[in-house]
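> Here is what each chain is made of, one letter per residue.
2 protein chains.
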Amino acid sequence: MAVQKPSIPKGTRDFSPNEVAKRNFIINTIKNAFTTFGFQPIETPSFENYDTLMGKYGEEGDRLIFKILNSGDFTQGVKSEDWEAKNAQRLTPQLSEKALRYDLTVPFARYVVQHQNELTFPFKRYQIQPVWRADRPQKGRFREFYQCDADVVGSHSLWQEIEFIQLYDCVFTALNLKGVTIKINNRKILSGFAEMIGEQDKLIDFTVALDKLDKIGKEGVIAEMLAKGIGTEAIEKVKPIFSLEGSFAKKLEVLKAMLSSSETGLKGVEELSFVEQQLKHLPLQTALIDLDVTLARGLNYYTGAIFEIAAPEGVQMGSIGGGGRYDDLTSIFGLKGVSGIGVSFGLDRIGLVMDELNLFPETINNGLEILCLNFGDAEALQCTQLLQQLRQQGKRAALYPDAAKIKKQMEYANKNQIPFVIIIGESELQNGTFVLKNMLSGTQEVYKTSEVNTIVWQ
Amino acid sequence: MAVQKPSIPKGTRDFSPNEVAKRNFIINTIKNAFTTFGFQPIETPSFENYDTLMGKYGEEGDRLIFKILNSGDFTQGVKSEDWEAKNAQRLTPQLSEKALRYDLTVPFARYVVQHQNELTFPFKRYQIQPVWRADRPQKGRFREFYQCDADVVGSHSLWQEIEFIQLYDCVFTALNLKGVTIKINNRKILSGFAEMIGEQDKLIDFTVALDKLDKIGKEGVIAEMLAKGIGTEAIEKVKPIFSLEGSFAKKLEVLKAMLSSSETGLKGVEELSFVEQQLKHLPLQTALIDLDVTLARGLNYYTGAIFEIAAPEGVQMGSIGGGGRYDDLTSIFGLKGVSGIGVSFGLDRIGLVMDELNLFPETINNGLEILCLNFGDAEALQCTQLLQQLRQQGKRAALYPDAAKIKKQMEYANKNQIPFVIIIGESELQNGTFVLKNMLSGTQEVYKTSEVNTIVWQ
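Read top to bottom, the protein sequences are chains A and B. Positions 1 to 458 (full-length UniProt numbering) are the ones given, in order, by the first sequence. Positions 1 to 458 (full-length UniProt numbering) are the ones given, in order, by the second sequence.
Everything labelled a hint here was simulated from the structure, so no lab data went into it.
Copies of one chain are not kept apart here, so a pair can be met inside one copy or by any two copies together.
Calculated pairs, BS3-like style, for lysine-lysine (alpha carbon to alpha carbon, straight line, at most 30 Å):
no. : residue 1 : residue 2
1   : K408      : K267
2   : K395      : K31
3   : K336      : K10
4   : K405      : K448
5   : K5        : K56
6   : K415      : K31
7   : K215      : K139
8   : K336      : K5
9   : K448      : K280
10  : K79       : K10
Bound-form chain A, shown alone (with noise of 0.2 Å):
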């Protein structure tokens, strides 16, 4: 076979050990706090039938869905037009009967629906599995990345809202990433401002226009909005919300008389002030929290509260968490009633911010810490011995496999960064004795044999 040019497919990533463990790190600070709150862990299969996914993320996402080809003669059964017309469109659905998960949220739906009756509502879920995306990749977005989703499906309760802000809080607090910005905000205020300019059509146009108020600013906006063809008085209706400033509890005052004459809007508001007042009496640890009406993601999705976590002050970075309420997930799949809020985290981007700032703790790394060198197979021998009490001390220990040059072993304790190498020559091993040194400090000290497990390693 000609040899091959090892590489993979663009807008995916192999993860070295230390990039492992950065991402175990966040991980396991996240599955933590899942566990601690009570959400426990499902996961659903990589590819779903291609009915499962087609169609619920838009034109887009169809498009950007993965799709697996058939296995076996792909080519019978398949429309005799569609082949001659090379219709790929059409072609599609009948060479693939399923796709790789775009999202967990559309899995976690049809997880629900169909083991419904072994659930308790409401239900508690959290999920960390990889998802799928033939996207254009660039900085920071790939075709395979992990998301990482808490959902409570089942119950209305606004306590709920209040859970998953503390979750957030109790997550960047424990990764140290201290000062995030939890932006809120609720869909039926949105829904108020569309009742407001008195075209509820125009609610898209109009969220996207806001969405940039921080970039073009007030005058930029009001252009774009006049563009999309809403009306200068609708316009003035909503003004205030260009210059929404102070606490959460005086935004919400402003919205209140803003929004008076929109029963949905008025709605909003007050699911808010709930939020707000119960937080006065629960002070968050480390993260902040802000009213943003600006705020809209997954318009079509959310029906109550909606989350952004913004990275601290002075950190360039897009979003790295987001969530809110829905209420009718599951009835694509034949279950009604069921409101659901649910948040995720942004692996990756909580990733490169935590590199920025310097805030993975140094003992992540879990290599090697104590080295055995070898000087033979008797010197051998006695190192796996001492290996295997090490071992059962949890220390992390191996022999050096081959017996090389005493150089080339130590180079491959240092390059390895061990901070630890156990050294039995022929003396040690007459002596019943073995060397420890600390690669650190160079210093080192003879011990017996029995006294392995007597030491303090420092």
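Given the structure of chain A, go ahead and fit chain B onto it with the hints provided.
Chain B in isolation, oriented as in the chain A frame:
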């Protein structure tokens, strides 16, 4: 949209919280042992380039690899004659640039070659990720399943054979799965047999027949060998292997005498003798070791030691692990002369054996430990303040989100087997107290809210 009846592709599985907990128990035990032995984690992408995988697993393997349909207009650039002939086999590489990984070994080889300049050899890695095979699903055989592999590349030392035997012993001991048998063989001994029968090209027929010794007995094996064209005289020469019995050392003696004219065969005996000699001084904790010359797994792949793990006697189950030494894994990707050795753990089967023997600890379920009943918003707020403290202690605790009937809330606690319930009703709220009810014993005690950190949980 029409309502869809939810289902998953055949051969795949949903894992509910209890199943994830069991799997994680096994995975964490394995990971822990891997780390203690100095293996470090890597992760590779779920899909590789088509050419990376194809041609590595034989024709059958190629067929069982899941291919990903190219995105966009995949009909472009397809050769007209193949399209018109509906030649699926020739069309596959034109319709698909990527494929789901089939095992962890080929991606590992690709990784080592691609990253060779970053690695320090001998390089020890572990990898625990799912793989996919378009196999016909059956009991215990799935289209998506996890592999758990540990390998060392870059050394020929036989101390690594010993290390892997100890690793197996260590993992199964930690799982409390006592009495597994580590079966060991050596490819060079099998090659020696082939030399003895004088027909190197009959080696596969020979080992396939020999592998059935357990099932069809000596006479059956001989009949099959004869049917495959292996001569009577040749069979006579290897007859001692049909009745190999006794200790590891005793079997080696018989083999040594038998293979005296085969240099390769004697090398195999010598390698196994080294292992046997060292293990005398390195007693295993709970595993047994046995020389099994019928063991041949992946014959074209292994070049030295071959391992396979049998479940404890009395448990009906195929092998629950296996591995061996390979001398030329990375050469297909352009890196020659790198010897490697690795082992794999059969996660699903280990789980089945542990289920059968009832070995999972009761404590692996990590659902809620404490549920706070919800009597209304004022009481719920008080509960949520308690929850903050309980969670900081690491307790898994949550509020029932709705002020539902108490009977319903208690049923929720029971169904989810939550051992403790905290009750704050109107009078507790006024008195600054809470009731802690033990759901198992039915007893309950009253605490001040300030005493929440002093509770002795039992």
